[in-house]
Amino acid sequence: MKKHVPLALFVVIVMGLPVLLKNPYYIGALVFVGIYSLITISLSLVLGYAGQISLGHAAFYGIGAYTSGLLTTRWHVSPWFALACSMVITGILAYAIGKPVLKLRGHYLAMATLGLGEIVYIFFNSAVDLTAGPSGFGQIPRLAIGGLVFKDDIRFYYLVWFTVAVLLALVLNIINSRIGRALRSIHGSETAANAMGVNTASYKIQIFVFSAVISAVAGGYYAHFVTFISPTTFDANTSILLVTMVIVGGMSNVWGAVLGAALLGTLPEYLRRFGDYDILVYGAIMMVIMMFAPGGLVSLAGLVKQKFVGNLSREPAA
Amino acid sequence: MLNVEGLTKEFGGVVAVNDLSFEVREKQIKSIIGPNGAGKTTLFNLLTGLLPPSRGRISFLDTNICGLRPHVIARMGVSRSFQNVEIFDNMSILENVMLGRHCRTSCGAVSIALRRRKAVKEEALIREEALRQIEAVGLDADPHSSPAALPFGKRRLVEFARALATSPRLLLLDEPASGLNMRETEQVAQLIRKIRDSGVTVMLVEHDMSVVMEISDDVLVMDYGTKIAEGKPREVQKNREVIARYLGRSNEYAKNPKP
Amino acid sequence: MLRIQNLKSYYGRLQALRGISLHVGKGEIVTLIGANGAGKSTILNTVAGLVSQSEGKILLDGKDIRGLPAEKIVKRGVALVPEGRQLFAPMTVADNLALGAYLRHRNGSKAELEQDAEMVFGLFPVLKERRKQLAGTLSGGEQQMLAIGRALMSRPCLLLLDEPSMGLAPKMADEIFRTIVRLKQQGVTILLVEQNARMALEVAEQGYVIETGQVVVQGPSADLLRNHDVERAYLGKGYEKVWE
Amino acid sequence: MHSFSITLQYIFTGIAVGSIYAMVALGFNIIYNCTGIINFAQGEFVMLGGMFMITLTTTWKLPSLVAFPIAVALVVLVGVGFERIAIHPLKSPSVLVLIMITIAGSILIKGVAMFAWGKEPCYLPHFSSETPINFLGATILPQNLWILGCLAAVVIVLAWFFNRTLVGKAMRACAHNRDAARLVGINVKQMVTLSFALSAAIGAVAGIVITPIILMDYQRGAMLALKGFGAAILGGLGSGPGAVVAGLLIGVLESLGAGYISSHYKDAIALVVLLGVLFIRPAGLLGSAEIQRLKKF
Amino acid sequence: MKRILAAAAIMCLLVSGIAFAQAVAPEPIKIGAVFAVTGPASKLGEPERNTVKMIEAEVNAAGGIKGRPIEIIVEDDGGVEANTVNAVKKLITNDKVIAIVGPTTSGASLAVKPIAEENSVPLVSCAAAEKIVNPVAKWVFKTPQKDSDAAIRIFENMKSKGISKIAIITSSDGFGSTGREQLKKHSPALGIEIVADETYAPADTDMTAQLTKIKASEAQAVINWSVVPGQVIVAKNMRQLGMTIPLYQSHGFGNPKNIQACGEAGEGIIFPAGRLLIVDELGADSKQKAVLAKYKADYQAKYPNDQVSTFGGHAYDALWLVLNAIKAVGPDKAKIRDYIENTKGFVGTGGIFNFSAEDHCGLDKSAFEMQTVKGGKFVALSSVKEEVKAKK
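Protein sequences appear in the order of chains P, A, L, B and Y. Just so we're aligned: 86 in my numbering is position 86 of the first sequence, and the numbers increase by one with no gaps anywhere. Just so we're aligned: 50 in my numbering is position 50 of the second sequence, and the numbers increase by one with no gaps anywhere. Just so we're aligned: 186 in my numbering is position 186 of the third sequence, and the numbers increase by one with no gaps anywhere. Just so we're aligned: 287 in my numbering is position 287 of the fourth sequence, and the numbers increase by one with no gaps anywhere. Just so we're aligned: 133 in my numbering is position 133 of the fifth sequence, and the numbers increase by one with no gaps anywhere.
With the rest of the complex left out, here is chain P (with noise of 0.2 Å):
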């Protein structure tokens, strides 16, 4: 069972954080970063995993953020009922999107998905009946059981981090099985794949739509805990950050994702004091990381596990 052990240092950690910690600063950070291992983690299966890019996931954040934002606040649909309609909407449309999508590949691929993540900004836009527009709407209600609310930080912190231990646990058993198996190897030669009787069309459309669905709970959580959304915050920006974590953790690995996201979630809090200054110190460290980490923040943690571990495993054998 040893490979329990990671995902049960990282629950351990997770509960303990906030005890450690106390500030609601530093837990609502925090909660950003969930949000954001929620995507990032199910972008990893298509991104590293599938080996599918994807410039418009902040498309289904939008959509699960928008769904469940406007179903509690215009028809006063309990929250969690909401949730899981912005879940059965999102997977909808992912997949009536992926579908004619994936076909395509490489550039042309980022480039429908980046056209189809800004429609759905240019929706969110101009529907202004429905959506209130560029300025956005307020007042969405706070999730709750029962007579608990998670209206604080930390409660809501509890929340999202439970969802991402929830969906590590899921997603790592899936990556250890033959589904896992067959998407690696979708990325690695959709020729070889096919030929060992894996069919890549249906595990590409899938993957897609299990991760568009895992986005909207991601923006559900975000229109429930800031309970304020606007477009802005789902517009090709983000989706390039998403990605951008993604890479910058280590694509071939979902513990990457969450790396990535922990990073570029909390930058820009590092970054405050540089000032104006911030957005070069930003380029500068991305660019640092792409040129001499290419495999990612993990491929680091590899590195040092072969200097350290790997010399000792290896001397009998020599």
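Some hints here could point you the wrong way.
What the hints assert, rightly or not - These stretches of chain L come out as covered by chain B in the derived footprint (C-beta under 8 Å, 3 or more residues): (1) 47–53; (2) 65–77; (3) 83–89.
Claimed, not checked - Facing chain Y, according to a computed beta carbon distance under 7 Å, are these residues of chain B, among others: (4) 120; (5) 121; (6) 141; (7) 145; (8) 255; (9) 263.
Hints are computed from structural coordinates only; laboratory data are not their basis. The beta carbon of each residue, even a glycine, is placed where N, CA and C say it ideally should be.
Assemble the complex: chain P is given as a structure, and chains A, L, B and Y must be docked to it using the hints.
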């Protein structure tokens, strides 16, 4: 078990496979030989559904498999290896071989994600079978390590094990000995025989004639997409046409160059 | 002119050459023969600088050129006519030839280049007719001529030819071999890789038989033509028994 | 206004806007052909072109004719510098990593521009008079003609460069077959640097001619890059004529969409058409499926 | 093993991510500020940041408030709402500020409205949207004039000219869309009919298509509601199309650079704005004259490369509201809030503020002065009319 009739593949005017007909009988080793560009790999791609044929019919176990998608054909029991060894460096050796079991297993995402007993059990079976195949092909590397570091010969064995893990009825091997040294080639030849003896029909494309002549039950010679000769290895070796294609003709001009 | 000593080269993990040594004298035609996948093309590619991982020595006029990038090796007077021609298909015949002389454009005079182009057209008159045609639209034989012509435009002292007869109709193959002989008469040293062993040995002085990345037989081509080991290399073990 | 004049006006508008998209798309294609990557800093080249021109003409008071080539040269320096520092040293990087590096590069360039020129949009006078020209009831600004002229000039120069000069042919050779290019003595890495120089120059020209119309600020590049990328994809990556046709097409579609359907959804209309084309022709209007297959992530 | 390490690395990062706190110095009175110093709204956020930094220096040079220096902690949210939320939380819980000035944008202000409420920290927003103070939130105020007042002032001016059919063209960002909303809401009451309603994306380069459509309609005037560069491009495109109907712009037009950028196309544009731009024209009887002149002079002296703008003015008003409250009642959040809510007759750059429990904006439509561009300068529309009368 495999029946090919009038198979033709054209690529925008170029005929890569031209009206090819042949038969492969159960539990035999059939080799396809011929010079570069003869259309051998194209033939394999047609048989496995990676390319749609322009004309003709391929029937496998009395079912027409023309136009079926590759993963369906793989499920029916046709597996293959690739000329340049297409194994996945983003997975461990064991996982590569376990992927081969994919088409023989069925657990869905939900039961896997929730680690239902069915899924756990199936996974254990997959692992068992994969380890068995790794042993069967005689691969002595740590199955949990990455295949990226393996020498070429062992990579090929990983690919063999993966192909065998699909429990194929028909195994297509594209140049299994290319890039191997003498000793490795010998091992591969023995392995192919062993596979045949275990009841799997084998088709292979190969340039190393030693291997072909040694292990084949039947040889098909192709050039320019058409069949030149077919028969027992010894017959083929004697075939004048085949010898001419291989060793080439004499260049009349070279002996008396014009001024 | 060219001396290769214990050359080993790798494509990633795959060791393609396992210690090749050979020699090409000035003005000679030397041929490398052997079955597909034996490593003949790899030898040429390594000499031409396309294979990045290698060990051993490649001495050109006594200087080691191993490890230099391809573009520098061309500068030293080695031109490769690659397998499968590798022409610039969307460009005209004239453009392909002009690019062949890419390195000479800066210092070479225009007249000299024109003269060279005329020389190529002299070798292959059909190219002159098609000079405005796109290379991709030529027939296989014409493409091969153009590939040779392009290589000649760099005024090589050593010409590496990789399977020049591959995929050509017999008449065309004859034509190509006629040119090879003519080039030799003009003083070009040629290292020829051919699958068509007989034709190659008939035009060459020396021959090397390559099997699994090693030289298995070598000697004057006339001897090799009669050597059964050569046939074995092509047609497999047990061959001679059947053939006798 | 007659409905004919109105339509004509929409088309004029579309062509004027589209020529910029076309120029940006051309810049994308040149680097793509040489390296297989999409340079997300392309929009920043456009922005820098406009900004340098503004500084040279307003702060340094240089005459436009002198400032123009200097501005272009400065952007070329930036492009080459970027390639040399961030891309040249890498050994066999993956396409995705290269793209990330260009994104990081665009953030950096944007940041430097923010410090250099501030956050307010900067202004550049029109090249010639601002008096609109009337044609069959529709109007066009002389500056629009300058833009069209520059597009034409860029197309002609590129056509001449790629078809008539040896270096241009060498670049095409690299794009078509790297190994064969090396075999005739072409230094591929130099060609990659050159491709950055060339597309920076085109970006700069585009930036300089549109600045009088649209003003320029440090964040302007992103939107132009997005539209230009759309045009490059619609035309078929790597295809020069495709970029021009698709750029103009997107411009006209946006304009007609805004005029006849809804200005709220004009960008969406253009994108829907783009996606529709991709679903039918996955390699774009004039792209070749062959090339697409070779160059994937 | 690799995974364990990766997991450990994540944890380290999370933990260290927490260490971005800054050292706490107990002495000064801390006031927070959140502005979009970078990102799409940076041209607004920068003068705001400059302004509060200028006031900080000025107050401290004068010995602070009751002997205590003030410290303004400025956070940049880049216009990203999630960052604003984090920044405000940081200011409240880490820096323990007693009041917050900003944010710059409406979306960000709305996103942090509940946070100010829950933490009981007075927040004076520098963003325009009326939703920020309507419905009234106990702890949230704002200083920019109301969009609705701007719309009403424009309509009143139109009515005086006999214009009844108009076209509106707005940018599809927060500023433009709230303007569009207000224009549509208030037009019927004033008898104005909107015959064309067009929008464009904030980064668009050409609006002739939309304007062509407007030209073909029977509109007698055009209202453009956006910030740069759209407002300049619209003016130029109208000139290109030979449209002679009057162009009205929103109060976002109040930046002298626009005049230069518009060139001839700028002449005659009418827009409502605060009096900062026409301070030199104001008569001595204007209550605002002294404040405006001082702000303009101070700002220009401190930032010679930057033009004074109304956006900085919003931050000026917001910060002084807070500082006045501190001067009066000391650094106590609840007392500051109460003091601001009861502030009457506060003369700011945006107008004369009269807050109440129902009105957390404090400005009415008199805060706007209809202005126009004449001879390459902003001038009050009323003075132009007087000249005309004088000529007659």
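Does residue 255 of chain B meet its interface restraint, that is, does its C-beta lie within less than 7 Å of any C-beta in chain Y? Interface hint status for residue 255 of chain B: holds (4 Å vs cutoff 7 Å).
Regarding the hint that residue 120 of chain B lies at the interface with chain Y, is the smallest CB-CB distance below 7 Å? holds, 5 Å
Can residue 145 of chain B be said to touch chain Y, with a Cβ gap under 7 Å? Check failed: Cβ of residue 145 of chain B comes no nearer than 12 Å to chain Y, outside 7 Å.
Outcome, coverage hint (the region 65–77 of chain L, chain B; C-beta under 8 Å; three residues): Per the Cβ count (5), the hint holds.
Would you say the region 83–89 of chain L counts as covered by chain B, given the rule of at least 3 residues with C-beta under 8 Å? Contact hint for the region 83–89 of chain L vs chain B: holds, 4 residues under 8 Å.
Quick check on the hint: residue 263 of chain B CB to chain Y CB, less than 7 Å? holds, 4 Å
Restraint check, 7 Å cut-off on beta carbons, for residue 121 of chain B near chain Y: holds, 5 Å
Taking beta carbons only, do three or more residues of the region 47–53 of chain L come closer than 8 Å to chain B? With 3 residues closer than 8 Å to chain B, the region 47–53 of chain L meets the three-residue bar; holds.
May I ask you to test the interface hint for residue 141 of chain B with respect to chain Y, counting a Cβ-Cβ separation under 7 Å as satisfied? holds, 5 Å
In summary, the structure is inconsistent with hint 7 from the numbered list given earlier, while agreeing with all the others.
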